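4 protein chains.
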Amino acid sequence: MKITAPLTVDQLMRQFSNSGSFGAGRLATACDIYEKMLRDKECTVFLAVSGAIVPAGLRTLIADLIRKRFVDVLVCTGASMVHDAIEAVGSRHYKGSRVEDDRELYKYHIFRIYDVLVTEEAYVRLDYKLSEMYRQIADEHKGETLSSREFAWELGKRLEDKNSILRAAYEMNIPVFIPAVRDSEFGFIHWLHSSQKDIKNVLIVDAFKEVPEICGICSKSPKNGMIVLGGGVPRNSVQSAALASKKGLDYAVVVTMDRPETGGLSGSTLKETVSWGKVKGEADDVMVIGDIMVVFPLMAASVMERLGSDFKRNKTSLTEGKHA
Amino acid sequence: MKITAPLTVDQLMRQFSNSGSFGAGRLATACDIYEKMLRDKECTVFLAVSGAIVPAGLRTLIADLIRKRFVDVLVCTGASMVHDAIEAVGSRHYKGSRVEDDRELYKYHIFRIYDVLVTEEAYVRLDYKLSEMYRQIADEHKGETLSSREFAWELGKRLEDKNSILRAAYEMNIPVFIPAVRDSEFGFIHWLHSSQKDIKNVLIVDAFKEVPEICGICSKSPKNGMIVLGGGVPRNSVQSAALASKKGLDYAVVVTMDRPETGGLSGSTLKETVSWGKVKGEADDVMVIGDIMVVFPLMAASVMERLGSDFKRNKTSLTEGKHA
Amino acid sequence: MKITAPLTVDQLMRQFSNSGSFGAGRLATACDIYEKMLRDKECTVFLAVSGAIVPAGLRTLIADLIRKRFVDVLVCTGASMVHDAIEAVGSRHYKGSRVEDDRELYKYHIFRIYDVLVTEEAYVRLDYKLSEMYRQIADEHKGETLSSREFAWELGKRLEDKNSILRAAYEMNIPVFIPAVRDSEFGFIHWLHSSQKDIKNVLIVDAFKEVPEICGICSKSPKNGMIVLGGGVPRNSVQSAALASKKGLDYAVVVTMDRPETGGLSGSTLKETVSWGKVKGEADDVMVIGDIMVVFPLMAASVMERLGSDFKRNKTSLTEGKHA
Amino acid sequence: MKITAPLTVDQLMRQFSNSGSFGAGRLATACDIYEKMLRDKECTVFLAVSGAIVPAGLRTLIADLIRKRFVDVLVCTGASMVHDAIEAVGSRHYKGSRVEDDRELYKYHIFRIYDVLVTEEAYVRLDYKLSEMYRQIADEHKGETLSSREFAWELGKRLEDKNSILRAAYEMNIPVFIPAVRDSEFGFIHWLHSSQKDIKNVLIVDAFKEVPEICGICSKSPKNGMIVLGGGVPRNSVQSAALASKKGLDYAVVVTMDRPETGGLSGSTLKETVSWGKVKGEADDVMVIGDIMVVFPLMAASVMERLGSDFKRNKTSLTEGKHA
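Protein chains in written order, with this note's numbering: chain A, 47 to 370; chain B, 47 to 370; chain C, 47 to 370; chain D, 47 to 370.
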């Protein structure tokens with residue numbers, strides 16, 4: 047590996063590709079696979095995200111990738127979209143120091159996410175604004191149930207921040223699935239919403255309604271690829287859709303720090319998924335063991351550089367507005 | 047640490063407590079906290095479980111703990127209850143070797159979970175039996191929505207295996223929350239169920255309906271404690287309930303191999319939760335960094351030994367049948 | 047897995063063996079292999095130890111295993127034997143709390159090893175006593191160089207604490223190799239020793255002298271087995287001896303939390319060592335991913351229980367006093 | 047974080063610095079600290095390296111950093127310098143695939159280091175060439191003992207490959223300490239060397255001789271900083287030198303995947319070192335949790351870009367040839 051300066055991110059990645067092994071080699075392979083997915087006109091790109099990516103600073107990047115259509119389907123935790131909405135309604139996450147005293151923070155109504163801080167007030171504002179949106183959405187649907195994808199689409203429609211992931215997905219007609227939507231402030235806000243005295247219609251999200259939606263996307267697409275940041279429910283949901291639709295993934299990149307030996311899904315090997323038919327035996331796949339906040343920006347910058355500014359992915363919409 | 051033989055599990059734990067540091071000291075503290083939770087008549091014990099605990103062999107242990115009322119509320123992934131149901135309808139998970147070729151397994155319709163194997167046929171049987179149950183449940187409820195807790199209760203009512211976790215919970219009136227219920231074979235079975243031509247009523251699980259149910263349990267209980275095996279959505283759901291009910295946990299034990307530095311929830315420190323008010327600043331808490339399949343049986347055996355066979359936890363039921 | 051109480055450690059291990067997978071299964075296998083090594087009259091058992099096992103409380107256990115001849119050769123870091131000597135000359139390691147302020151500790155001359163504390167005074171006492179021993183040893187050897195094994199033997203001869211690992215090894219004629227002996231307080235003490243004005247003979251430890259000694263032990267033994275706690279130089283030294291002596295290990299148990307993906311030796315798989323001939327392709331081997339302070343006492347208690355108090359390993363001495 | 051393309055490595059690092067948290071924020075801080083160390087004319091930069099960095103492709107980078115005087119002192123494992131010497135005498139490490147069968151590799155005399163392969167023949171050639179060098183060195187020194195630093199210097203003098211780390215260090219008069227020199231092929235070669243029948247002088251490396259050498263460097267330098275890649279003996283040796291010389295480190299960057307909870311040195315926190323006085327309470331320090339093969343090239347490229355091609359560190363030599 048020969049390092050000179052200045053070096054662009056992709057030039058460094060080429061060094062990793064030529065002479066780097068262990069993690070460096072795997073990271074270079076991950077970039078190759080992401081590039082290949084994007085150049086493959088038949089491939090639908092699923093991005094499965096867990097972890098506090100918005101507080102950590104990846105919000106604009108994810109929104110940009112959606113706007114460039116470098117992502118076709120987003121599957122994520124409720125918390126990520128809560129964090130996105132917090133910023134969309136005008137609050138911020140702050141970089142903190144590592145030496146905060148959590149009891150002091152508690153007294154001052156400041157919440158800590160590792161080295162990021164967010165005020166309780168930001169949550170109060172979110173509760174207020176979103177419970178109002180819930181009411182509107184419920185009134186429009188009058189008892190009709192929504193899938194988590196439709197719920198995300200309705201939120202994106204109402205959030206007016208260009209850097210918002212939900213907004214970008216709404217504008218680009220990119221489906222956003224939130225399989226554990228209840229497990230986040232969205233759940234608490236629903237409790238507030240449904241407890242209001244003067245409520246006419248209660249918003250109902252049908253837990254199972256999204257299943258045929260996501261499976262249908264896999265089914266209709268000639269090829270499917272996934273990029274997993276973290277693991278958990280988002281990874282499992284994409285893999286299950288590939289299985290249920292009997293398609294199997296053609297491309298798979300997993301970036302995680304979890305380890306396989308505990309038998310948990312998040313750290314499980316891609317080799318193992320082959321036995322299930324979730325990932326094809328002949329798929330291009332790789333696991334990168336590293337921090338997603340470092341690894342994913344590297345991948346994005348490298349692949350953008352390779353594809354150039356003129357590159358266009360001409361994909362038709364997978365879903366028609368809120369309808370799958 | 048003085049090791050002689052034979053030594054009971056709790057005698058070993060006393061050695062860890064007296065002279066062991068690092069992981070041994072933390073494990074001994076975890077046993078002390080679990081014992082304290084069980085002896086504290088005011089405390090409701092939440093067990094939050096992720097990871098493939100049933101394939102790994104902890105099914106009977108969890109069911110036994112429920113029957114002994116060493117657990118008051120179970121919060122888990124859909125996959126765990128799918129694995130439980132697979133065994134309840136007569137299939138098995140098998141110990142495999144580490145050197146399986148996943149492409150070969152795929153050909154023979156055998157699925158691998160790390161070093162455990164399960165046949166595709168087991169899933170087919172499950173699909174068949176459970177889609178029948180879904181139909182019954184839907185017919186009984188005629189359009190009324192269920193929470194994941196009510197759904198779990200309805201399944202437990204219909205599974206006749208004494209060693210089943212769902213059955214034990216049903217019989218003991220222990221609520222089981224499955225916040226990401228759709229992210230598992232339960233979701234695929236729902237798709238089968240709702241696609242049936244002659245279907246009269248479709249089962250509807252309302253994603254948000256369980257939120258006030260779990261928060262209400264925290265709220266009504268003078269004290270709350272949690273034991274987390276793994277992390278993910280189950281851990282987050284319990285912590286969020288403690289926050290939303292403005293109670294804060296009085297006891298917390300987390301057993302995980304995930305690490306804090308990535309900022310993800312599963313590996314996040316209990317210290318951090320204090321800033322949110324999820325865990326109280328003065329709570330008894332500890333994180334044990336280890337494999338749950340080793341650590342939790344040790345904890346259970348040690349605490350059972352301390353409490354003795356005459357120990358009874360006289361707790362009234364938290365929920366009335368399927369009603370919260 | 048069926049857990050009742052009271053359960054002996056080995057009864058629990060049998061449960062792990064029958065129905066436990068993932069970490070539980072591997073731990074049960076580790077016990078089986080250690081038992082097999084001890085019952086195999088042809089096998090020499092190498093224990094390779096890194097990490098702060100003495101501060102963590104395993105000192106008496108290791109000394110007891112040496113006295114029971116459950117270990118034939120010890121390979122360890124300098125720091126472990128420094129910690130052993132600190133206790134042998136009358137100082138102690140104390141369990142601390144997790145919330146110490148390291149700047150405060152520094153002011154009060156207290157050193158921290160994770161959650162264990164030791165005073166600077168303990169080191170000063172050690173420096174004083176051991177530099178006196180260095181002088182005696184050098185005077186006896188008058189310019190003749192020692193291997194780290196001979197150095198350890200000379201220390202063990204002079205330490206009069208029954209619970210000392212070095213003392214137990216000396217009394218039992220168990221060779222102790224310290225391949226990185228200089229990387230510890232032993233190195234600093236040597237500096238003090240060699241700087242003394244009135245010094246007649248300076249102690250010389252020949253870095254390479256131990257290589258034929260440890261290789262010779264492998265060579266002469268019909269079979270060789272290793273138990274690795276941690277990794278690092280001790281693991282590498284045993285594996286290298288097995289390679290250099292062209293024997294290959296017949297048994298191998300590695301207990302570690304390090305991971306393979308970084309390419310480092312400590313987390314590297316036993317599979318990989320097969321390509322080198324360090325471990326035989328047909329060896330009994332297993333890696334246990336866990337905290338050695340929990341895992342090793344479990345293994346020791348389980349195997350002692352299996353073998354019973356009458357079990358005797360009649361091994362002749364591998365070395366004659368300080369001579370290899 | 048706003049990612050556009052093309053982006054230089056340092057431009058990306060500025061994004062990490064401004065808006066990235068968790069791992070991204072720590073990596074940006076690591077670059078800031080390394081830059082600060084290099085701009086600080088009073089600071090001596092120790093690079094402590096463990097892990098298979100040469101097989102992984104970092105050999106040229108390390109040699110280049112030495113030639114640019116971005117490193118003042120190298121402390122490393124024996125294995126790293128063995129790998130360096132293997133390439134210096136004309137052999138190569140090859141990138142392999144992940145699916146090698148180790149028993150097959152063994153048959154074909156090919157050794158595996160994770161995903162890198164090297165032939166047994168490369169080792170045989172090394173043994174032959176280096177045992178000849180050992181003889182020359184021993185003949186020149188005639189019974190006089192060497193420190194590992196002097197041994198490394200003598201090897202560097204005899205290796206004629208410009209890309210060799212040992213050669214670059216020799217030419218630049220950069221001391222290389224190998225505290226566990228015996229724990230590597232260097233140890234086996236010594237055995238070959240000392241077993242030769244016609245040998246006149248045997249090479250003797252005094253395990254302790256380097257201690258005052260490395261402590262003296264710390265002592266004389268107004269400030270000291272360390273960059274640790276991995277951990278193990280190299281990290282401990284630098285920290286111990288800072289302690290023994292009563293200086294304490296002013297700067298510290300640790301890149302590792304090891305974790306603190308086991309109590310081992312490699313994963314231990316820098317906070318803990320403050321209690322010992324190894325790192326100063328007011329030092330600039332950070333731990334980056336990641337793969338060194340990815341993280342260190344990023345740091346090097348970013349810092350080189352910041353300093354520009356005209357930057358010169360005018361440091362006088364720390365050692366005079368082989369003399370400390």
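Think of the hints as simulated: they come from the structure by calculation, not from any bench. Don't take each hint at face value.
Listed below are the simulated DSS-like cross-link pairs for lysine-lysine, each with C-alpha atoms no more than 25 angstroms apart in a straight line [to be verified]:
no.	chain 1	residue 1	chain 2	residue 2
1	A	Lys243	B	Lys114
2	A	Lys317	D	Lys141
3	A	Lys208	A	Lys114
Note that the structure is predicted; figures quoted are calculated from it, not measured.
For each hint given before, does the structure comply? Return the numbers of the non-compliant ones in rising order. Hint check: 1 fails alone, others pass.
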